[in-house]
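Listed in order, the protein sequences are those of chains R and L.
Each residue of the first sequence is one higher than the one before, counting from 1 in the working numbering.
Each residue of the second sequence is one higher than the one before, counting from 290 in the working numbering.
The set of hints was computed from the structure by calculation and includes no laboratory data.
Careful, some of the hints might be misleading.
To be verified - In silico lysine-lysine, DSSO-like type, Cα no more than 30 angstroms apart, as pairs: (1) Lys282(R) to Lys571(L); (2) Lys414(L) to Lys329(L); (3) Lys329(L) to Lys192(R); (4) Lys152(R) to Lys125(R); (5) Lys282(R) to Lys152(R); (6) Lys192(R) to Lys571(L); (7) Lys329(L) to Lys441(L); (8) Lys152(R) to Lys571(L); (9) Lys125(R) to Lys40(R); (10) Lys192(R) to Lys557(L); (11) Lys268(R) to Lys481(L); (12) Lys481(L) to Lys275(R); (13) Lys152(R) to Lys192(R); (14) Lys441(L) to Lys282(R); (15) Lys564(L) to Lys192(R); (16) Lys276(R) to Lys481(L); (17) Lys322(L) to Lys414(L); (18) Lys461(L) to Lys441(L); (19) Lys282(R) to Lys481(L); (20) Lys40(R) to Lys172(R); (21) Lys172(R) to Lys125(R).
Okay, here's what each chain looks like letter by letter:
Number of protein chains: 2
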Amino acid sequence: MNQSPVPPPSTDRVQVAIVGVGLIGGSLAAALKARHIAAKVIGVGRNISRLESAQSLGLIDVATTDIAYAAQNADLIVFCTPVDLIAQGVEAAVAAGSPQLLLTDVGSVKGTIAREVGALLPAGKNFIGSHPLAGSERNGFENSDADLFEGKTCIITPCPWNSEEHTVRLTKFWESVGSSVLRMTPDEHDRKLAQTSHLPHVLAAALATILEEENHAIAATGFRDSTRIAAGDPDLWVAIILGNAQSIVESIDGFSDQLAEFRAAIEKGDAATLKKLLDVAKTNRDALS
Amino acid sequence: MNQSPVPPPSTDRVQVAIVGVGLIGGSLAAALKARHIAAKVIGVGRNISRLESAQSLGLIDVATTDIAYAAQNADLIVFCTPVDLIAQGVEAAVAAGSPQLLLTDVGSVKGTIAREVGALLPAGKNFIGSHPLAGSERNGFENSDADLFEGKTCIITPCPWNSEEHTVRLTKFWESVGSSVLRMTPDEHDRKLAQTSHLPHVLAAALATILEEENHAIAATGFRDSTRIAAGDPDLWVAIILGNAQSIVESIDGFSDQLAEFRAAIEKGDAATLKKLLDVAKTNRDALS
Chain R
1 MNQSPVPPPS
11 TDRVQVAIVG
21 VGLIGGSLAA
31 ALKARHIAAK
41 VIGVGRNISR
51 LESAQSLGLI
61 DVATTDIAYA
71 AQNADLIVFC
81 TPVDLIAQGV
91 EAAVAAGSPQ
101 LLLTDVGSVK
111 GTIAREVGAL
121 LPAGKNFIGS
131 HPLAGSERNG
141 FENSDADLFE
151 GKTCIITPCP
161 WNSEEHTVRL
171 TKFWESVGSS
181 VLRMTPDEHD
191 RKLAQTSHLP
201 HVLAAALATI
211 LEEENHAIAA
221 TGFRDSTRIA
231 AGDPDLWVAI
241 ILGNAQSIVE
251 SIDGFSDQLA
261 EFRAAIEKGD
271 AATLKKLLDV
281 AKTNRDALS
Chain L
290 MNQSPVPPPS
300 TDRVQVAIVG
310 VGLIGGSLAA
320 ALKARHIAAK
330 VIGVGRNISR
340 LESAQSLGLI
350 DVATTDIAYA
360 AQNADLIVFC
370 TPVDLIAQGV
380 EAAVAAGSPQ
390 LLLTDVGSVK
400 GTIAREVGAL
410 LPAGKNFIGS
420 HPLAGSERNG
430 FENSDADLFE
440 GKTCIITPCP
450 WNSEEHTVRL
460 TKFWESVGSS
470 VLRMTPDEHD
480 RKLAQTSHLP
490 HVLAAALATI
500 LEEENHAIAA
510 TGFRDSTRIA
520 AGDPDLWVAI
530 ILGNAQSIVE
540 SIDGFSDQLA
550 EFRAAIEKGD
560 AATLKKLLDV
570 AKTNRDALS
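Chain R extracted, bound-state conformation (with noise of 0.2 angstroms):
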């Protein structure tokens, strides 16, 4: 794990508040608290006595339940729930915060939420979406780690209704945790995304059912790492994958055009067009390391 830089302390700290303290909203709570970013990290949650257990490890500051204290104590609130809860958590926070305060969220579809939160308007003209493209099949802030965002990129999605002012001041907290940030509209982040994690997501989860058992023994490094994503939290998944439904099924449809190229070079016995085509895969594959 690399050394973090840790900047002195300053009077402007802000109060942030973290709502799901799980892997990613600990690690958010982790990275604040070592970087020296926050004044105080308020968790928020359903089960206080998990919240208890996050600032016994010093994750947090305050541990509540209520949404309200939240928002009335901080100047920004970070929803690291599942997809489908975070517009409803939107809409509790601006109801009791003040009109300064900034709302995001880390979830990794971004449409659906961008038009639920939409429909608050004016109430929710203070939220901006994230997707911090940081993740673990691991779950729980007993696995956070303060480092997670180190030279990650975050995406954010303001819409038109979103000042200026509010989208840099976001892209200034990521950037204070390690990330770099791009923007883009919730729209055009779905479609990459389908494309990038989603599909992926659900391929490994297809490889991984069809294993028989009597195989495991020889699913060797390969079979592994190609299916690692598979063990992700089924629940959230559910939640991400109906979030962005349609591109996911263009996306499979893409993916299952290419695979039929592949099956018909392999049944033909056509070491050309295979050779070609697993040329422009490693291309690609390579491009990225």
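Let chain R serve as the given structure and place chain L on it in line with the hints.
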């Protein structure tokens, strides 16, 4: 890297020839050296200057392009060449070697080689296929790892014409470099590996292929893990895939049926079915960890 056990040198150590000193052949040479298993390691290849580099790194004791020399001086020959070159290598080696010479390979398909070697009977009777489930997307002996086989499974595929004595010798050889040995028929191997290795390779390649260039920057860990094996050498993989085409096409079809179930649930917005599918996938994947 674990410390390899170092037994005292014994006078009955074998001479081993390795044909094709790349990543796997070089790692095998390194393992034989580190564990003092071989009295002498003979490296065989087409490019003498590459072999001399491997010799100067201490991986092999002798560098030669002459398979007959290797066959005359070795107790065991291990072919680490591409799978479509193994049968012809076996034929050349058997013509020059003693009747006690044991021959094996490390290829990822076994049925085609078994049939090709079976056609050389009685000359081919001392060849037994091996497939150590240990690989890497990297290439070249420069990436050799003396512990590559440690804790891994090695499948061996004796045929009715092989002697039990040879099968036991081969088993002990792989155990001596740290592997656990599984015995099965060549065709059984190929059906199983179609599912656990060759299908995942084709899926990774198809997924890597459809990644649009503008999305490279947001292809995060999940995408990278899912497509890692697509960086493998296309020439090697053409030979592997076309050497097991029928089983792979069947595996692609089984996978496509499973993917269609996911697609239908996603298109319908059927959360209950999608949850069930993801639960099975997670259970299967967790069983591998």
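Against the structure, the hints:
With a C-alpha separation of about 28 angstroms, the suggested pair Lys282(R) and Lys571(L) falls inside the 30 angstroms cut-off, and the hint holds. Of the supplied pair hints, the one linking Lys414(L) and Lys329(L) holds, its CA atoms being roughly 24 angstroms apart against a limit of 30 angstroms. The hinted pair formed by Lys329(L) and Lys192(R) fails the criterion: a straight-line CA distance of about 55 angstroms is larger than 30 angstroms. With a CA separation close to 27 angstroms, the supplied pair Lys152(R) and Lys125(R) stays within the 30 angstroms bound.
Restraint check for Lys282(R) and Lys152(R): the C-alpha separation of about 24 angstroms stays at or below 30 angstroms, so the hint holds. Annotation: proposed proximity of Lys192(R) to Lys571(L) holds, straight-line Cα distance about 25 angstroms (limit 30 angstroms). The straight-line distance between the Cα atoms of Lys329(L) and Lys441(L) is roughly 24 angstroms, inside the 30 angstroms bound, and the hint therefore holds. The hinted pair formed by Lys152(R) and Lys571(L) meets the criterion: a straight-line CA distance of about 26 angstroms does not exceed 30 angstroms.
The suggested pairing of Lys125(R) with Lys40(R) holds, with an alpha-carbon distance near 24 angstroms, which does not exceed 30 angstroms. With a C-alpha separation of about 22 angstroms, the suggested pairing of Lys192(R) with Lys557(L) holds against the 30 angstroms cut-off. Distance hint between Lys268(R) and Lys481(L) is fulfilled; the C-alpha atoms sit about 21 angstroms from each other, no more than 30 angstroms. Distance check on the hinted pair: Lys481(L) and Lys275(R) sit about 23 angstroms apart at the alpha-carbon level, within 30 angstroms; holds.
Between Lys152(R) and Lys192(R), the direct Cα distance comes to roughly 17 angstroms. Compliance with the 30 angstroms bound is thereby established for this hinted pair. This hinted pair checks out: Lys441(L) and Lys282(R) have alpha carbons roughly 26 angstroms apart, not beyond 30 angstroms. With a C-alpha separation of about 23 angstroms, the suggested pair Lys564(L) and Lys192(R) falls inside the 30 angstroms cut-off, and the hint holds. This hinted pair checks out: Lys276(R) and Lys481(L) have alpha carbons roughly 26 angstroms apart, not beyond 30 angstroms.
A hinted pair counts as satisfied when its Cα atoms are at most 30 angstroms apart, and Lys322(L) with Lys414(L) qualifies at roughly 28 angstroms. For a cut-off of 30 angstroms, the pair hint linking Lys461(L) to Lys441(L) stands: about 14 angstroms separates their Cα positions. A C-alpha spacing of about 25 angstroms is found between Lys282(R) and Lys481(L), which places the hinted pair at or below 30 angstroms, so the restraint holds. In summary, the hint linking Lys40(R) to Lys172(R) is supported, as the alpha carbons are separated by about 18 angstroms, within the 30 angstroms threshold.
The straight-line distance between the Cα atoms of Lys172(R) and Lys125(R) is roughly 19 angstroms, inside the 30 angstroms bound, and the hint therefore holds.
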